[in-house]
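2 protein chains.
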Amino acid sequence: MINACVIGLGSRGFHLTRNVLLNNDDVNILAVCDLYEDRVQKVQELIKEKKGNDAKGYSDYKEAINHEGLDAVYVFTGWEWHTEIAIYAMEKGIAVASEVGCEYSLDSLMKLVETQERTGTPYMFMENCCYNKDELLATAMARKGMFGTIVHCSGAYGHDLRSEVSHGLINRHYRFKNYENRNLENYPTHELGPIARLLNINRGNRFVSVSAFASKAAGLKEYIANCEDADEVMKNTVWKQGDIVTTVITCANGETILLRLDTTLPRSYSREFTVRGTKGLYTQENNSVYLDGEKEYWEPVDYNKATIDNAKNYEEEFLPDIWKNITEEQTQLGHGGMDWFVYKAFSDALQNGEPMPIDVYDAATWMAVSVLSEMSIAAGGAPQLMPDFTKGKWHLRKPEDVIKL
Amino acid sequence: MINACVIGLGSRGFHLTRNVLLNNDDVNILAVCDLYEDRVQKVQELIKEKKGNDAKGYSDYKEAINHEGLDAVYVFTGWEWHTEIAIYAMEKGIAVASEVGCEYSLDSLMKLVETQERTGTPYMFMENCCYNKDELLATAMARKGMFGTIVHCSGAYGHDLRSEVSHGLINRHYRFKNYENRNLENYPTHELGPIARLLNINRGNRFVSVSAFASKAAGLKEYIANCEDADEVMKNTVWKQGDIVTTVITCANGETILLRLDTTLPRSYSREFTVRGTKGLYTQENNSVYLDGEKEYWEPVDYNKATIDNAKNYEEEFLPDIWKNITEEQTQLGHGGMDWFVYKAFSDALQNGEPMPIDVYDAATWMAVSVLSEMSIAAGGAPQLMPDFTKGKWHLRKPEDVIKL
Chain A
0 MINACVIGLG
10 SRGFHLTRNV
20 LLNNDDVNIL
30 AVCDLYEDRV
40 QKVQELIKEK
50 KGNDAKGYSD
60 YKEAINHEGL
70 DAVYVFTGWE
80 WHTEIAIYAM
90 EKGIAVASEV
100 GCEYSLDSLM
110 KLVETQERTG
120 TPYMFMENCC
130 YNKDELLATA
140 MARKGMFGTI
150 VHCSGAYGHD
160 LRSEVSHGLI
170 NRHYRFKNYE
180 NRNLENYPTH
190 ELGPIARLLN
200 INRGNRFVSV
210 SAFASKAAGL
220 KEYIANCEDA
230 DEVMKNTVWK
240 QGDIVTTVIT
250 CANGETILLR
260 LDTTLPRSYS
270 REFTVRGTKG
280 LYTQENNSVY
290 LDGEKEYWEP
300 VDYNKATIDN
310 AKNYEEEFLP
320 DIWKNITEEQ
330 TQLGHGGMDW
340 FVYKAFSDAL
350 QNGEPMPIDV
360 YDAATWMAVS
370 VLSEMSIAAG
380 GAPQLMPDFT
390 KGKWHLRKPE
400 DVIKL
Chain B
0 MINACVIGLG
10 SRGFHLTRNV
20 LLNNDDVNIL
30 AVCDLYEDRV
40 QKVQELIKEK
50 KGNDAKGYSD
60 YKEAINHEGL
70 DAVYVFTGWE
80 WHTEIAIYAM
90 EKGIAVASEV
100 GCEYSLDSLM
110 KLVETQERTG
120 TPYMFMENCC
130 YNKDELLATA
140 MARKGMFGTI
150 VHCSGAYGHD
160 LRSEVSHGLI
170 NRHYRFKNYE
180 NRNLENYPTH
190 ELGPIARLLN
200 INRGNRFVSV
210 SAFASKAAGL
220 KEYIANCEDA
230 DEVMKNTVWK
240 QGDIVTTVIT
250 CANGETILLR
260 LDTTLPRSYS
270 REFTVRGTKG
280 LYTQENNSVY
290 LDGEKEYWEP
300 VDYNKATIDN
310 AKNYEEEFLP
320 DIWKNITEEQ
330 TQLGHGGMDW
340 FVYKAFSDAL
350 QNGEPMPIDV
360 YDAATWMAVS
370 VLSEMSIAAG
380 GAPQLMPDFT
390 KGKWHLRKPE
400 DVIKL
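Chains A and B, in that order, are what the protein sequence lines are.
Going by numbering that gives the first Met the number 0, the letters in the first sequence line up with residues 0 to 404, in that order.
Going by numbering that gives the first Met the number 0, the letters in the second sequence line up with residues 0 to 404, in that order.
There could be a bad hint or two in this list.
To be verified - Cut-off 25 angstroms, straight-line C-alpha distance, at most; resulting in silico cross-link-like pairs (BS3-like, lysine-lysine):
id	chain 1	residue 1	chain 2	residue 2
1	B	K323	B	K343
2	A	K239	B	K278
3	B	K143	A	K215
4	A	K311	A	K323
5	B	K220	A	K278
6	B	K278	A	K215
As the list claims (entries may be wrong) - Every beta carbon over 12 angstroms from chain A, so not counted as near; a handful from chain B, in silico:
id	residue
7	K61
8	G77
9	S104
10	T118
11	K234
12	K390
What the hints assert, rightly or not - Covered stretches of chain B, as calculated for chain A (at least 3 residues, CB under 8 angstroms):
id	stretch
13	141-154
14	209-219
15	254-261
16	272-280
17	376-389
Derived from the structure by calculation, the hints contain no laboratory data.
From the three backbone atoms N, C-alpha and C, an ideal C-beta is built for every residue, glycine too.
Please model the complete structure; the sequences and the hints are all you need to start from.
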């Protein structure tokens with residue numbers, strides 16, 4: 000049994016607690032923490048209703064982490080607090096499950112790694128997309144050589160967040176201040192995590208440079224101008240965050256990675272996870288596979304009609320068992336099931352004393368892309384060198400997937 | 000009647016002569032030129048059969064351009080010759096229709112512009128995709144405000160050319176030497192031309208910087224290893240051209256442009272022309288439109304099923320007349336009809352003494368992207384500044400489309 004504290008009880012924290020943690024019989028929530036009292040009360044009531052126990056409420060994360068008898072802390076806060084809280088908890092020997100986000104300085108990430116190495120406290124970066132069906136199917140196919148030598152991967156965070164961002168002060172959402180004050184690839188890890196694992200980053204390969212380019216910021220301003228409930232603060236906010244941020248990463252083994260942050264223009268959700276190799280490709284946009292030797296279609300539309308959703312034909316041979324055996328209930332627990340898998344992976348590894356499947360080097364390297372993108376944009380697109388958080392161990396570490404493929 | 004010379008009689012030159020020029024009653028071919036005698040003979044026979052006249056054959060382009068009584072020269076050669084031939088012809092007062100391609104130095108492009116300005120000889124860059132249905136439909140929608148403020152455009156040259164490139168010495172194709180010796184975005188204009196016109200480049204806007212990144216080169220080597228008819232030269236060639244080249248262009252008015260060269264890995268053809276604005280998007284990949292306020296679909300596959308090919312619903316209101324009225328015969332003349340339209344635009348403008356719809360500034364600016372991408376890749380992705388070929392006139396020139404929209 001894992002005695003746990005949950006810190007950060009906004010929308011993501013509330014839903015993860017309700018849907019995932021309270022459905023995991025290995026987790027026992029003793030303490031909850033948020034800066035807002037109403038959020039604390041709401042989750043305390045939820046725990047009482049579902050489990051019968053009275054979780055202690057806190058507004059100070061240090062006090063929460065010092066609650067007696069904790070094994071682990073779940074960090075669901077705004078991006079500004081992830082690393083600081085993780086470092087504090089690791090110093091106390093409390094295992095950390097950290098939600099994803101961006102970072103603000105390379106120094107913080109260096110300290111995150113140094114603290115984990117020195118204390119040995121388990122730390123996992125909870126990148127749910129590393130456990131998603133599409134990404135695992137394509138990764139399994141890649142591991143079995145279906146795409147040949149991989150030379151390029153791409154992905155996006157394509158999600159219309161105009162309502163969430165613009166109402167962030169009203170809804171107490173951390174995105175408002177980030178979009179008001181910064182201009183960067185602020186949320187790279189959903190698409191980058193699965194790509195980095197596929198390319199064996201920190202495990203025989205590494206990111207070398209990051210270059211980023213931001214379009215002008217027009218989406219939020221025009222959205223708010225047409226927003227019936229916009230207040231004066233929203234209307235007068237000058238947004239520094241460009242609507243589309245294009246980021247290119249080069250890798251030591253010669254691959255390139257393309258990312259797109261795409262959150263303030265009208266669009267439907269997509270991560271566009273794409274793998275390109277010498278023998279074939281997978282692209283999530285149409286959930287399609289194209290293998291060398293298949294008929295080449297001249298017209299784009301015909302091409303898509305021919306291959307749209309054809310990746311499902313490869314599931315029987317390549318889809319990992321966790322997705323073959325997923326229950327209907329698990330699919331309902333968040334983002335189609337991946338939330339359940341990633342949080343189960345943490346509690347299983349912690350209980351069994353096994354290495355965390357997404358470790359502090361993954362966390363630091365993936366979040367460093369956000370910091371370096373900010374530097375690159377400020378420098379007119381000049382490439383920024385990625386620090387080696389493994390301090391040379393990437394030569395020695397062996398490729399490993401988040402689950403056996 | 001336009002008395003014309005055709006230079007460069009390889010595959011593209013042969014097909015354009017046969018399908019387009021010999022079907023245009025305004026064009027009279029008096030001379031043909033190629034370094035290879037068999038190509039010259041083949042086109043002479045074609046002209047004799049179709050039109051009855053004996054076109055004079057040449058192997059030296061200068062002699063061909065000096066053939067008596069010429070009004071225009073069509074340049075269908077390998078990329079290395081486009082600019083040199085165009086400059087020579089303009090000096091002689093012979094109008095130039097130049098096929099598309101890349102360039103090798105900024106100096107050549109400066110000289111191309113200077114020669115056109117000094118001589119006043121008509122010059123047109125024959126970017127057929129500027130006349131294609133998808134691109135014109137989306138551009139017309141953009142001009143009418145359907146997508147709001149445009150902040151980002153992207154496109155690709157996604158075309159599996161492994162067979163053509165690898166057999167280039169056998170088939171006398173210029174791509175072989177370019178792929179052997181260079182590493183760059185070597186063919187940007189098919190996707191970039193329509194984007195540049197949409198963004199009013201050189202007409203109130205301009206490209207500011209070009210950054211480019213090349214993946215490793217693995218596709219051709221592995222392809223040739225499995226090629227039954229590969230000779231020793233092919234097998235031993237070391238290809239410098241990366242498989243995927245990612246290029247980002249920043250614009251004076253704050254837009255960003257993303258290009259991908261993608262010609263040596265298995266894939267189907269696509270240009271992926273995409274327009275992103277504050278009120279909606281068009282993407283050629285699925286020929287789909289998504290407008291602000293439409294239902295947001297969570298799952299990528301559902302999204303595509305919902306919108307795939309839905310751009311056709313906008314044709315009645317927005318499709319230009321040339322595409323509404325296209326004849327079945329015209330669609331058979333090359334690339335679905337766009338070849339016919341772009342070459343008709345040249346002969347019409349020349350006969351009517353009107354400005355060329357795709358001019359020397361377009362040509363220089365778009366081809367300069369290839370040169371600057373080569374410099375950027377060699378400099379590890381460092382941004383390269385785009386020269387202003389208009390020498391400041393871009394402030395003054397008015398937005399204009401290749402046809403009235």
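Evaluation of the provided hints:
no. : hint                : in the structure
1   : K323(B) <-> K343(B) : holds (17 angstroms)
2   : K239(A) <-> K278(B) : holds (20 angstroms)
3   : K143(B) <-> K215(A) : holds (21 angstroms)
4   : K311(A) <-> K323(A) : holds (12 angstroms)
5   : K220(B) <-> K278(A) : holds (12 angstroms)
6   : K278(B) <-> K215(A) : holds (15 angstroms)
7   : K61                 : holds (37 angstroms)
8   : G77                 : holds (24 angstroms)
9   : S104                : holds (23 angstroms)
10  : T118                : holds (37 angstroms)
11  : K234                : holds (16 angstroms)
12  : K390                : holds (23 angstroms)
13  : 141-154             : holds (count 4)
14  : 209-219             : holds (count 7)
15  : 254-261             : holds (count 5)
16  : 272-280             : holds (count 6)
17  : 376-389             : holds (count 4)
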